[in-house]
Structures are given as structure tokens and as C-alpha cells.
Amino acid sequence: MPLAVTIMVRIYIDQKPYDVKPGKNLLETCLTLGLDLPYFCWHPAMGSVGACRQCAVKLFKDENDKTGRLVMACMEGVRDNMYLSVNDTVAHDFRSQNIEWLMSNHPHDCAVCDEGGSCHLQDMTVMTGHAYRRFRFPKRTYQNQYLGPFLHHEMNRCIQCYRCVRFYKDYAGGKDLDVFAAHNHVYFGREKDGVLENEFSGNLAEVCPTGVFTDKTLREHYTRKWDMTMAPSVCQHCSLGCNIIAGERYGALRQITNRFNGAVNGYFICDRGRYGYEFVNDPGRIRQPVIRSEKESLNLFESLSGILTEGKLIGIGSPRASLEANFALRRLVGEANFYQGIPENEAMLLRKILAIQHSGHVYTPSLKETEYADVTLVLGEDPTNSAPRLALALRQAVRTKPIENIAGANIPLWNDAAVREMIQDEKGELFMAYPVNTKLDEVASGTLHAAPEDIARLGFAIAHYMDNSAPAPEGMDAGTLESARRMADLLLKAERPLIVSGTSLFNEDIIRAAYQIGQALEKGEKKAALCFVMPECNSAGLAMMQAPSLAMAMKAAETGNFATAVILENDLYRRAKRSEVDRFLAAFKNTIVLDHLENDTARMATVLIPTATFAEGEGTLVNNEERAQRFFQVFMPKNEHIRESWRWLDEFRQFRDGTKPDELRELDNLLEELVNAMAQFKGAEMAAPLSDFRINGQRIPREPHRFSGRTAMLANVAVSEPKPPEDTDSPFSFTMEGYRGMPPAPLTPFYWSPGWNSGQSVHKYQSEAGGPLRGGDPGVRLLGGGIHFSNGFQSTIPPAFERQTDEMALVPLPHIFGSDELSVHSSSVEGRAPRPYIALNSLDAERLHTAEGVTLRMRIGDQVFDLPVMLKNELPEGVAGLPYNLPPMSGITWPAKGILINTTS
Amino acid sequence: MIAQETLTPEEMAEIDHEIALVPMRRAAAIEALKIVQHHRGWISDDSLQAIAGYLEISPEELDSVATFYNLVFRRPVGRNIILLCDSISCYVMGYEKIYGQIRDRLGISFGQTTPDGRFTLLPNACLGTCDHAPALMINNELFRDLTEENLDEILDRYH
Amino acid sequence: METPLTQHISFDRPCYNLRDYEKNGGYQALRKALSLSPESITNTVQASDLKGRGGAGFNTGMKWSFVPMNGHYPVKYLIANADEMEPGTFKDRMLMEGNPHQLIEGMIVSAFAIQANISYIFLRWAYKKAGRLLTHAIEEAYAAGYLGKNILGTGYNLEMYLHTGVGRYICGEETALLNALEGKRATPRAKPPFPQVSGLFGKPTIVNNVETLCNIPHIINNGPDWFKSLGKGNDAGTKIYGVSGRVKRPGLWELPMGVSMRELIEDCAGGMANGYGFRGALPGGASTDFLVEEHLDINLDYKSVAAAGSRLGTGTMIILDDHTCPVGFVHNLEHFFAQESCGWCTPCREGLPWTEKILLSIERGEGRPEDLQLLETHTRLLGPGNTFCALAPGAMEPLQSALKYFREDFEKHIDQKKCPWR
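Sequence order for the protein chains is E, H and V. Following the working numbering, the residues of the first sequence are numbered contiguously, the last one being 901. Following the working numbering, the residues of the second sequence are numbered contiguously, the last one being 340. Following the working numbering, the residues of the third sequence are numbered contiguously, the last one being 414.
Quick caveat, the hints were computed from the structure, so don't treat them as lab data. In this text the structure is predicted, and so the values were computed from the model without any measurement. Incorrect hints may appear among the rest.
Simulated restraints, written as ranges between beta carbons of each label pair [to be verified]: (1) V:Asn213 x E:Asp166: 43 to 51 Å; (2) H:Ser290 x V:Pro361: 31 to 39 Å; (3) V:Asp259 x E:Asn406: 26 to 34 Å; (4) E:Val1 x V:Pro184: 24 to 32 Å; (5) E:Ser441 x H:His219: 34 to 42 Å; (6) E:Tyr142 x H:Arg256: 54 to 62 Å; (7) V:Gly377 x E:Asp166: 40 to 48 Å.
SDA-like mimics (lysine to any residue), calculated; alpha carbons at most 25 Å apart, straight line [what the hints assert, rightly or not]: (8) V:Lys183 x E:Asp166; (9) E:Lys188 x H:Arg256; (10) E:Lys171 x H:Met205; (11) V:Lys183 x E:Glu72; (12) E:Lys171 x V:Phe193.
Here a beta-carbon is modelled for each residue, glycine too, at the ideal position from N, C-alpha and C.
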């Protein structure tokens, strides 16, 4: 197929000719060309509205016109033979005056404002050259609102760019933030004080060009951007792998901000990812190795080598630990003794998903690509809670087809208000099939609330209508069949059909049904996009190692004569029944646990090893689309005992092989060894440059060049400045010394450019403003070749769900706040998490003689829970919903059944 | 559960009539605000919640619209609303004298309500009767060619 | 002198009901129009050179010609802008209170020309009497078969709704009006796309001023050449002109387009009231530039007024007399404009209140010499294209011309530290 050729357009800016991409507006074109044109209300992800008037340039009729007129660059499309001037005096003066207008009511509180140093308003003020304020009258002031634990509100700083409401309402679908009043009294906030409900509210801190909305958790330990030590990192809190920047000072992680990745998260991350970092600073961190062994020796090396040579080792890996850590464990214990620390069901589902993604029959989309779907079917997932950034992408996807439909009106895509006006409420097709209501239902064209079996059956019915040779489920009601027929028709006609499914309901049939639809859609070259949500940040990576599950490990432990278990960053009590875990751990003479925080498993350890968090060490994660991405160390842990898991485990291997501590070999490239050992990971080594990468012989600084206090920070400890730590694992330095230019995308620790101190400077790192990063967006997809994943599909359709009289079928309901193990340690996140509940249809509630708010006692597996009832009438009878993985409710294995013991009031 | 303010059947019927004329419920927002204000005199926070719920939008979305317009009253008003034109022709023809007289007579300035709830006094942009300036409206009635002499008599008509 | 717009208006009696309107030739234009092709009606109106009477002065027929007529747009709207809130303007009130059916007939013909099937009258809240009369007239029109389904058996359908506003001058801006009709905040929209392409609810829409629409039946009845002959020179038709301020007879008069300012002020309005002297006038409402003594003989048509440095605007004139302080006069105007800013774009939202505060300060005798330069900077920078809509540029027109013609008065306030008029 021939490549599309873009015919460039010739424009003249200040008499210089440029060949530029058509279809863009002048502002993004000038920014792409590296010209400094100020702006506020334009946003690369949200387009232009022309409100702030900051980006004024002179437009001339032709080459002879000397006067021209002012136009707003963001609202002018590029045309062939355009003559304009950025440096024109009138334009320059207007831009400067515009700043003066904006500043007429501004409190000028930079010195005490959180945004200072990373403030787009500061940058644009300096850029326009405006200096002296002539406004001498009293300034209008506002009252601020309490907006919840994530954002601080300071309305006096507002320059009324309207970006906040455009992001919150138009882009993210939020309902409880708006603009009030008129003229110079316009106010941005809620109707009343209260917690902002939208899951992406934290992005307001970055979308807002001033200090109106700022990161409230940062205020607890405030640091200026220029004073932070930063590194490129990857979010650890779900399987999507959004790229983040983590910043530290004085040994504490201070802030998470978005790191642009044009293929994954773009400009936005969810609130779980932004605020879930506080576990790194948790006072309950494991800081010292603890040996609870009968061996008297206090010497760690002696204890460990003794333990490690005592007998067979069994290794339990973790889907929240890096590839390197899991691989190091695998090398320590041997391939045959390495297990995934997840339930059998989960392992099996992930095997299936990997097989599907490698089958060659379907296409695995990047997160960005899901925005372009024109018809979407979501089978058995609630992305708002299980993969939040995907929910944000799907909200954009439902605009794709309506935008295509208005192509005849010739409205440029960047003309945001005009596009929205023309589209009105029209939405592309999105069908949501899930047991309970989800936030995406409001943008869906159809929903089905049903038990997992029936969700799967819907999928099979859709596949059957697409392709008769696919089996048909029997006994489905007319309404659901009609929905199936309709979806089948729409998906067949779609240009870019998307099926979203995943592991959240722990139901294999749902995943098989999604694949069935994918196969039915495969016609010649055209492949359907299948996007699978997985439980954790490295579920895919661990699954790709093809190790058996925890259940198999437990079986092996019964007969395998293992002396020692090595458990990597995994609380097994969250993975299996309590009794089973107890029995498993009791089988070993020693249990070595490596983790960051105390948990039930850590308490059972005979050797407890403190491990570095994602911010204190390097690693590679593989996200749900099998993109390998590297996260880099931000800062040195508190003491020399807190080290990366993979470092510990590699040393254990050397101890076991007889090496003495002073003879320890410096680590070879662990990732390279991993790739050599397991071909399915080929490419992961390219996710980021190697540790010896330098530019002009220089390292890449983690600190901006204005970082202050480096020589004085530890003066209270010792007056003479200590040697900065050296990083042997990455190309970064821990200081501000090093390469001053723009590092390659995977190695970008922060965004800064002369005159652009705020995050808006990201456009300088992109090959075009709003586009992919120079050199390509980071991460390497591992879908190439490698080992064939065995498939083993059957063509049976599950029977319809039938309500049982003596037990409730339980479905796990993930919560963005609460279901993820690490993020819930942030008090801001914990405060937003629900308390345990059991969700019931009111008919079931009647049957069980209970009501909303009343406590039910349920036996689930081998545990008993007292759970207050929450009525959700969309649930089918016989199905109850439980919040997934809340700390007080861990240890439930899915699928699960609940038996009512009695009702306690 | 906190008791929530609801709309009266009459209000709902009137709003339904407006909803039927537009492509989506929320497009009837301004009509709905007018209707409820007509019945209740002003739009309280509770009224706002009730209307928003009926239109299936958030209170924020509705108040964003309500607070934009100066004739949607989000604070209580008196029984009679005086809209005194303060635009250019009335300025030339002496509205300030009339304003002074109202202030003296009723003891309230722009934006205030008499303690007995009889009058609320508000400025209003040009009432469109400039050849008979100065002018004011009380409720739905227009009074023009105002003088010191006829003003008192006009005010006296309202209780 | 022909006065088609006001020939049937008399405030000594109630306005014509439908029967009386028909007896006097009403709805003949509609009957004629329905027998013609929609395109030909647009051509006729374009040929008549009727220009928008709301202040923009754009050829009405040409505006209609941009509405797509290819049958791909089943829903189109025709809207009468009856949100008359331009200070000093009161002509549309008279037309609606005087002859509501004339507006309705004009709307139906115009809607037919663009093949709209839904029409609105967007009426400002304050025009209660007009609202009552229009409501009644619309009911009569439906009953007579001039509105609704299958109008006069031609198969053409048109619904007509009266929508009353809840304040805000910016609603008179046609794209802001569309947003208000959609139940939103009345912030304007950027153009392109124009309402003819994406208007009310994203559908093709025409918004016309009340006076503009009232001319349509007469153009259909008598033809474009007749209409052109009514004007005095550059422009076609008649115009409702008005005068307010310290003149002997403030009021409204239907006159040929292009009468002189002197004729309007001295002949029609009787000249200045006793004891008052003429200093200047805003010829077309608050957002027009001052004309002064030297301009008294210019013709009040779009081109001539523009050549004199002002705008015809709405054609209703506000007189500045010699007993009124020009600074106070302009301050009153800027207070209005600042308060009526919608708050969307920076220069208007922040610049207008600043000019208001400066003017108040000058009026109070607290002005500073640099204040005049600041005001001038605003008049220079708040121009069309620099702001999002025409409100701020309009606000600058009286200010820039006041600084030109009455600069001494401003300087006196600053030098004497008080207002010489108080």
C-alpha cells in the first residue's frame, strides 16, 4: 500500500519561508518551528478556542501589504502563501498588553505560590517582555473552595483561560466543576465546597497555567520544581503503564507529574497514579534487613549464605515487581522452581490473553490508538476503575465517528468549540457489558448489566451474528439478542472496531468471547483491535516468563522438599486463602521476603529484606499492550540496605555460589541476560539506552541547573559536602551537572527549555507540537516473535447464569481508589477509597431479609466478612458485588461464592 | 437521607412543554429557571438542585448558566422588583436624581431589598424607551418620563 | 413620503389584529412568496440592497445566500433578534408593539427563503408588552394557517416560538444569542464556521434584526427597485431613525435612508431643548463614534457615516448636550460595556473595567496625566479581530471619539482635579 504523501504548505514568517504541515493552526505550527509564541487557552490535546488573545500575530494580505491585521494564531489555519509576522511591533505590543490585562487583578504572589518556577503565566509574562503594571485600582478577589484531598484552590490567581472547565467537562466528562458568573467576575469551581468527583481531577494542576489548581499533596512537603531531583518513571498502579515523572528532595518523594508518551498516556494520568506515591515515604517502610532465624549469627552475609545453601529454593515472583527482579529471582532459584505469585485462575487468563495477542488474528492497540476506535465493545470491564486512563481514551473514542461525519463542513479539528457545536450530543457506538453501572455508561449507546457468564454469552452471540460458523448461545432473551445483532452489524461495518476486555471479572469465557469476536472480524488485512486490561503493572511481563501459578507452587511445596522460599514483593495473603498460605509458609525452614512495606507475608518472614521502590531503583515493566518500558531511579534510598530487589537477588545467587561479599561482581546487564534467556522479551533491552550511554561524554542530570542547596543540604550533618552518589545503573547523574540539551525520550527526567520553565515546555521535546516525542515515544512493544503461546481454545459456550438459592455468585468490583495495593497507602487515596460493602439487587436484599446499610455476615472461601449492604438494582438476582482487593478484604480468590451466615443489624 | 427539594407538578408541566421543543433536556435550562423563578420569586440553592435533577444535569452545569444572567435571581428578592435604567439616555435625562429619590424614599441602594420585603431595587441596562427617559420597570410594568412628582405616585401603587 | 414600516402603526389605538392586518394588505407578501422558489426570494432581497438593521449593515439577501439549499439539511432555523439592548436604541420595541404581524409575516417569508422549518423570536425580557402582543399574534397566525404544518396548502411547515431572555446585552450578538437559545451561557462563537453552516444546535441558521425582517413583506410586494427608490442615495429603503437626549421632541421617525443629521435633529426632533446646546451625538447607539457640529450635514447612510469616522449602527441617536459632562457620559457607557462583557476574552474582560475605573477616577477629579494615554492604548488595541467579538471594539468607539473631540474636557478634569460640570 503506498505511503500517504503530505503536501506541505509554504508560509512566510517574518519574511522567512517555511514548508509546514497542512491542517494545523498557526500557533502549533510556530511552536513546532521553535518560535516562541505565547499562549494560554490552546492545549495540544484540547485544541483552540481563541479566548485568551495571547497568541496574536500579524497577518498580511500578501507580500506587499505592510500593515496587516492582528489575528490569533491558534484560530488561523495554515494556508499556502500566507505572510505573517511574529516580531511585528504591533503584535508584540498587543501580546505584552494582554499580559498586563491578565495581571491587573493577579495577586503577584509568586514568592508564596506553589506554581512558581513551573508557572506558564510567569513564562509567558517574561516572554512578552511585559514588566511594569499600571493598574492602580483595588483588585477583585475571590473566596476559595475546599475541593478534596487532591487539589488546592486559589482563585485570585486565575487568568480565566477556561482550560480547567474545558478539560474537566469536555475532555474528562466531569460534571462538578464549572464556570460561574460573567464579565470580570467569572469563577471556576464547584457549586459548593466538596470533593471533585472526576478521576482525572489531578490533571487540573498541570492544565491550569497558573497556581489556581495545585497539587495539594505536594503542599504537605512543598518543593520548587527547580529544586527537585527527577527521573523518568512508569506508574506502578495498573497495567496501562502511563509514563510519569517522579520528583524528590531531602530523601522524600514529593510529586508525580505526567510524562508525555504519545502512544500511551499522552498528556494525562489518573488520580491514582498521581497521588498514589506516598507509600514510598511511608514511615512503615522496611528499612533494615531483619533476620528472625534460629541461627545466631548477626552477620547478614553469613546468615544468608547459610540459608541459601541449605537446600532447594523456591521463588515466588510478583506482577508488581520489575522484569529484572523477577528474572533475578528466577536465576537464583532456577527456572523449574520459579513461580508467578498469582492465583491459578489469573495465571490462566493471562496465558490466554498473551496467546490471543500473539495469535496474529487480532491487533493489539496502543492506548492512544484506542481513541480512534469508531465502534467499541467493552466486555466485562469497568475501565474507569480497572484501567482509568483507558476510560479517558474511550471518552475521546466516542467522538471519533461524529467527527468523521462532519468532514464535509471543513471545520479544522483544532477548532475545538466549532467541532463540538457541530457534533452536539452525537456519539460513536460504545457498548458496555458489566455487572453494575459504570461511569462510561453515560457515553454508551447501549449497556448490559449481567452476570459474567451472560456477558460472555453476549460476546459469543455477537460473534455468531458476525460469522455463522461461530457457535450460537441458546436461550438468550430477545432484547439481548437484538443488542448482539446490532453490535455485530456495527462492528462489521466499522473501520476501526475495538473490543475491550480483561481479567477484572476473572472469567475465562469473557476473554474467549472477545477473541471469538476478533476472529470473526478478521477479514484479509483488516484486524480488530483487542485491548485487554490486566491486574497489575507487570502482570504481562511476569506472565510472559511462562512460570506456573502460586497454586502450583503450593502443590510443589507439599512434595518438593524445599528448604527456603524466596518471595519477591508479594503479599501472598492477598493471593490465596489464608489457610493455604499459612500451610505453604509453614512448609519452609526459612522464608526470605523482599518488600518495601510491612504486610502479612512480611510478618511471616524469617529473613526480611528491605527493597527499593520504583523511585529508588531501576527496572523494566511490561504493560497490557506488551510495551516494555523502563523506569529510572529518582533518588538514593535512606540507607545502604534498601536496594533494588534484583540487586539483592543477584547477590543471593552469588552468595549461594560461594562468592564472598568483597568479591561480588558488578552486575552485568541483567536485562540483556533476560532477553538472551527468554526470546519472547526480545526488544525489551531497547526500551532505554544502556547505563553507559552518554552525550558528548556527559551524563544526563536528574536536577535542573537551578537546583539549589546541593552543597548546603547536609551541612547539619557535616560541613564538607559529600561526594554525590554515582549511578552505575543508568546514564543519569544525581546532580545538576551533565548534558544541558534534550535527552532522548526514554531518558527525559523533566521538561525544561530556555524561557519555558513549566510543563508546557514538553512541546520542545516533540517532533511537532502535540505530536510524538523526538526519536519516537518511549517503550518497545514485544509482540514480535518469540515463543508461541499455546492456545487450547474450545468452542463451548457457557450456560446462562442461574441464581442459586443457597449462595450468591460474587463478582469483584475494582475501585480506582482502594483496589491497588500500594497507592492506598497515600492518605489522600485512602480517604477516597470505599469502605467494604456488599452490593445487592433489592430483590435479593428482600430475600435475605436485609436492606441498604444493614450488615450481612457472609462466608466467602475460608473467611467471614461483616459487610454493609449497598443496593445496586442493575445487578442480576443472585449476583452480589464486592469491592476488589480492599485492604480489609484481601485473600478472596476469584471466582467466589458467598454464603449468608446470618443478618446482623 | 436529606429531604430534597422537588418541583411542583405545575412547574414540571411547564418545563416539560419547553423540553419538548428542544433536542436535549438541558437546552431548556433557561426556560426552566424562568418558570421556577416565576413561581417562587427567586432561585434558591434548593430550587437549583431540583431543576438540575429534573433536567438531568449537575447543579454546577445549571448554576453556570443561572449566574451568567442578571435577571435570574440567586438571592431572595422582595415582592416587587424595581429595575431602574442606568444607561446613557436616562443618564443624560437625569436618572441619578430619580435614583436619589428612591434611595431617600425607600432607604435602599442598588442590590438591596427593603426590610419589609416590599421592594428590591436593581439597575438595568437600557430599557429601550429612550425617548421617554428616565424610565424604570416595576415587575412587568414600564414607567417612563419619570419626574420627582410622579415617582412617588408610581411607587405607592405597589405593596 | 412612503413609510411602509410604520404606515399601519398608531399608538392612539390598539395594534392591528390579524383581521385588520389582512384587511390592510397583510399576508399578501406571504401568499406571493409561497408561490415563488426560495432561491428567487433570496435573489430579490439581495437585489433590493436591504442591509441588516441591527447595526452590522450587511446585505441581507447575501447573508441568506450562504445557507446550504441542497436538501441535505432537514433542520434549519430562522431567528428574529429582538434582544434590543444597545443603549439609546428603541426602534424594534416600536415595531413589535406597533405591528407584530408585520414582523411575523417577514419572518415566515424569510424562513421560506432559506427553507427553515423552525423559527424563534428572541425577545429581551424587558419588552413585556411586545411579548404579550407577539404571543397573541403568533396564536392568530397559527389559527389562520400561516404557521404550522402545510402552510396555505403548500406543504411548507414552519413552527414559530417566542423565547424571552433573562438579561445580558451580549445576547444581542448573534452567535451568543444562539448559545442562549441552546440553554447555555451567552458567550459568542468564533466565525468561521458561520451560523449559516453551523448555527443553532449546529444546524444552518439565519439571525436577522427585527427591523430588517419587517422590511421583507414590503420588498416582496413591491419589488427591489421600489425599495431602492425609497432611499436617498447610497442605501436602499427607509430606516427607523430615533433621537434621545435633550432635544425638544425625542422620538422615532421612519425616513428615507440617508437623510441628513441636521434634518433628523432639527426638523424631526425640533432641535435642542431650550437652554441646551449641541455638543455631539452618537448616531447609532452606544457603540458608535461621536459626530459633532461639523457633521450635521452628512447623510445618515452606512457609507457616509463611516466616512465621517463613525457608524450608522442602529440609527437611533443619542445627543450629548452642553450641560452633560462628556467624561461622565463616556463613563456611563464604559460602565455599561464592562458590566455586559461576557468574560470570555482577555482584552474585553480586563480592559473595559480598567477604562471604567480610569474614567470614574477622572470624573472624580482623581485622574492622572498618564490616564489619557492609557485610555488611548485601550482604544487602539481593543479593535475588531483583537477581541473575540464586537462588544469591546464597540465600547471603544465613543471613548476614542470623545478623546478626539472633547479632549480638553478630559484634561480640565485632570488639571483642575474636579468635574467642571458638577
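A quick look at each hint next to the structure:
no. : hint                            : verdict
1   : V:Asn213 x E:Asp166: 43 to 51 Å : holds, 48 Å
2   : H:Ser290 x V:Pro361: 31 to 39 Å : holds, 33 Å
3   : V:Asp259 x E:Asn406: 26 to 34 Å : violated, 52 Å
4   : E:Val1 x V:Pro184: 24 to 32 Å   : holds, 28 Å
5   : E:Ser441 x H:His219: 34 to 42 Å : holds, 37 Å
6   : E:Tyr142 x H:Arg256: 54 to 62 Å : violated, 23 Å
7   : V:Gly377 x E:Asp166: 40 to 48 Å : violated, 26 Å
8   : V:Lys183 x E:Asp166             : holds, 21 Å
9   : E:Lys188 x H:Arg256             : holds, 16 Å
10  : E:Lys171 x H:Met205             : holds, 17 Å
11  : V:Lys183 x E:Glu72              : holds, 11 Å
12  : E:Lys171 x V:Phe193             : holds, 21 Å
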